[in-house]
Amino acid sequence: MASTFFGMDIANSALSAAQVLMDVAGQNIANDATQGYSQQVAELAPTQPYAQPDMGGLYTPQLGTGVQVQEVQRVRAGYLDGLFRSTQSGESYYGTRSNYLTAIQSALDEPGSSGLSTAMNTFLSDFQTLSQDPQSTASRTVVQQDGEALAAQVQGIYKGLESVGQQAQSQASLDAQTVNTDLKQLGNLNQTIATAQALGQQPNDLLDERDNLLDSLSQLTNFSFTQNTTEVGSYDVTQVTVTMPAQGGGTVTLLDGGKYGSLSVQPTATSASSYASESAGLNLNAEEDTINGAAIDITSSDSLDSIAQKINDADAGVAATVVQNGSQYQLQLSSTTGQAIGGSGDDLFGTSAQGLGISLTSPQLAVSAQDADTGATSAVAPTGGSIGAAYAFVNQDLNPNYQGSLMSQLNGAVAALANAVNEQQEAGYYQDPTSGDWESGVPFFATSDGSSTITAANIALSSQVQGNTAYIAAAGTSGDVGDGSNATAIADIANESHGPLQQYSSFVSDMGSQVDLSQNLQGTAQSLLTQVTSQRSSTAGVSINDQMTNLMQAQTMYTAAAKVSEAMDSSLQSLISAIQP
Amino acid sequence: MRISDQMMTQNMTQGIDQAQTALARTTEEVSSGVSISEPSDNPVGTGQLLQFETARKQISAWQSNAQAAQSQMQTADQTLSELQNDLSSAESLATEANSGTTTTAQFQDMSQQAQSILNDVASLFNTQYGGQYIFSGTAQEQPVSGPDASGDYSTSAEQNSGTFTAQALEIGQGVKIPTSVNASPLLGGQTYTLSAYQDASTMPQWLQQRGEALGQVAAAGTSVGTSGSPFPSGEPSSTYVDSLTSPATTTTPLTTTSVSYGTSVVDVLGYLQQDLTSGNAAAVEADLGALQSQSETLSSVQAALGANEDRVQSAVSQLEQTSSTLQTQQGSVENVDMAQLISQLTAQQTAYQAAVAAAAQMKLPTLANYLT
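So the sequence lines, in the order shown, correspond to chains W and L. Count the first sequence with our numbering and you get residues 1 to 581, in order. Count the second sequence with our numbering and you get residues 1 to 372, in order.
Check the hints yourself; a few may be wrong.
[What the hints assert, rightly or not] Here are the computed distance ranges between Cβ atoms for each label pair:
#: 1; chain 1: L; residue 1: Gln-329; chain 2: W; residue 2: Gly-317; range: 52 to 58 Å
#: 2; chain 1: W; residue 1: Thr-477; chain 2: L; residue 2: Gln-329; range: 35 to 41 Å
#: 3; chain 1: W; residue 1: Gly-317; chain 2: L; residue 2: Gln-327; range: 54 to 60 Å
#: 4; chain 1: L; residue 1: Thr-27; chain 2: W; residue 2: Thr-477; range: 57 to 63 Å
[Stated by the list, open to error] Taking beta-carbon pairs under 8 Å as the criterion, some of the chain W residues facing chain L (in silico):
#: 5; residue: Thr-118
#: 6; residue: Ser-125
#: 7; residue: Gly-482
I should point out that these hints are in silico values taken from the structure, not numbers from a laboratory. Beta carbons: idealized from backbone N, C-alpha and C, even for Gly.
Chain W with its partners taken away, still in its complex shape (with noise of 0.2 Å):
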């Protein structure tokens, strides 16, 4: 037989129940707006049942004892949360591709009155007009003046690339930060999840916000995650794992429980490496080596290590740091200056047979990630997120060596022009300024910083072009001051197919067309994107109505509950009246 006050704890365990259904809903209403937030619900079970065997009978009844929350839990769909994650690596690498990309467009200002295209028209049609009167010194002037300018501003477009590369690798390099910043957080909140858990605790609260940083890590670059469960005592403990694939095959792992690594981005105006294989042997012969001028003593009896510890040694604006390539190893050299890097000698720079052979043109930004079990250093090549959004930007579109690159392009169009008229020019005469005598025309284009092979990066004019019109070699043949021949000559360089010009606007087609493309890619992954979180939020969002029926059903419940609990006790007190006088 149950106690007298049995049914007054049914009613009880009601109450505390129906306050906790409540308290629930009062936290999932105040959430309504958090970003991220998971819905709770609270289960609620059956507390354990009581048998009466003195109740008589055919069978032993067994009478139930209350109702208890049995748990509350948040709820959240896992696989929405992968597929969010890659879609928004996806958005967020061409996102950012299309900011870079539009930067550029506006520094070309095409099309327009103010764009190299015009630039390269005037030039070339004031040797049309040169040609009227080829001995005038106001035409020639106008020739070597809009010559000069059209430099000038090739030069400036250049520079206006490379400083969205340098916005761009700056901005990398803040990325990596929060990237670093996010796995420390998310190896400490690994730890306290795994804590709390085996304790048959429910962090909800600790896994939404997880949650919430793995998301913000997907933006930064390709991570990959992975959950997961083990079982510590009775409970399930769940751990995220971060990993990434390595340059050159296998993965790097960033977060492994509480253990983090991290990710660097040296953003470089030149950075180097090298694929020799250590375990072949390096091939050195003693030979000094310099590195922007540094002497670097190689022995043959050198490792990579101790190579890249010579280097830091030398302290000549260089850091050295030997990284895993696959089965190889590497010796990458990061400017720390932000110059370019410059060094001479067989053993660095020679060919690999010969030493490390390292190139010194590309990767311009170096990625590497240190791993979070082994803290060796990997080079990895990013591939979505704004971080490789970054990687591409530099390493291909602005790497004059990447075959096809806007930057291969553009140089394309101006040493196009600049060759053709310097071969033309050099076909032509001219009279001396000082002797009177007809010589052989000279260059009109030269490089400013001596090199032999004009780029946007150096055109400039050529000295004597720049120092005397006189040397705007006009004729055709020698000896004849009112041969404007050449000059027809040169200008007809704009007829030319696939000449200067054609190249320059099949460069500005290139660049619309992978603009355009970035943000139709952008776009689809966007709406895609709004898809996912629909569905995400449809899962796990509140809805004011759901928690207002859970909020009736709870007051109703608590009613009842509290009307049972006056029942049984009006009950008990007839009986306690009965037995009084």
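Since the structure of chain W is already known, use the hints to place chain L on it.
Positioned in the frame of chain W, the structure of chain L alone reads:
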């Protein structure tokens, strides 16, 4: 599907954003009137625009060249007409002198007129355009002719040696037009330098005639010299007789001095003036023949110039047509279809207003509003 509150907010914001972006883009196109303000708006169209611009720039350079050529040619045309007038005056002068009734005084008078015609012709050949001698071709800084220290007129070395190079301007893709007149047929001609008893039959007919009139050239079989004996048979039909200063019948012994004859228009006018001075009607007749043939040559030079002028004229109208075609093409790539755009704008405005109005109604009642 379960709808959470954040979903509603997110979808609403996105709807307004999209409507606003589309509206902004259309407004930009309507206000600027061009559909391509950045390469990414239409990458292929941008490439076309840049090439149109190159073509337009070239056409305007060719147009400017054609204009310069036209002005220069007009100057040359005018000069040639004046030259033709001068030659006609010289011809009538020679005809008049040849009438047979001319007195010595009249010959002197005519000689002076011939001299002034010669001066005029010489200065016409030195006509300048923009500081350049128009008949000098690419050697534009050198005058064509002029009196030398001894007052004799000569033509420039280039014209005589036939190395004249015309200045040429480009007035179309690969089309070059000579802008300077080649007056070599008038100014050049040949110089015949002969020494005593040399064959004179290589010279033009009129020079032989004039030589005979002056007694400098003897036809085969005629008697010359002190001996009065005829040229031995086997001599050329016409032979220069070495006697510059006297008629053939002179008694002055023959010397071995040589002489040269020129055939340029300046030379002919010089001869005319000399022959008028000396009153040698037969020589003047020979000069008249030369003047007539020079006048024909001048006409052909004028015709050649006229043909070039026509070429430039037709090139100018062709360039204008190409330029307007180009403008039409450029417009079709670059300009917006305003009617279509305006209706699009109206539709987008409505969509945007609807999105905003819906957002204003966003605070839908929940169950909470009905619980008491």
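Which of the listed hints are not met by the structure? none
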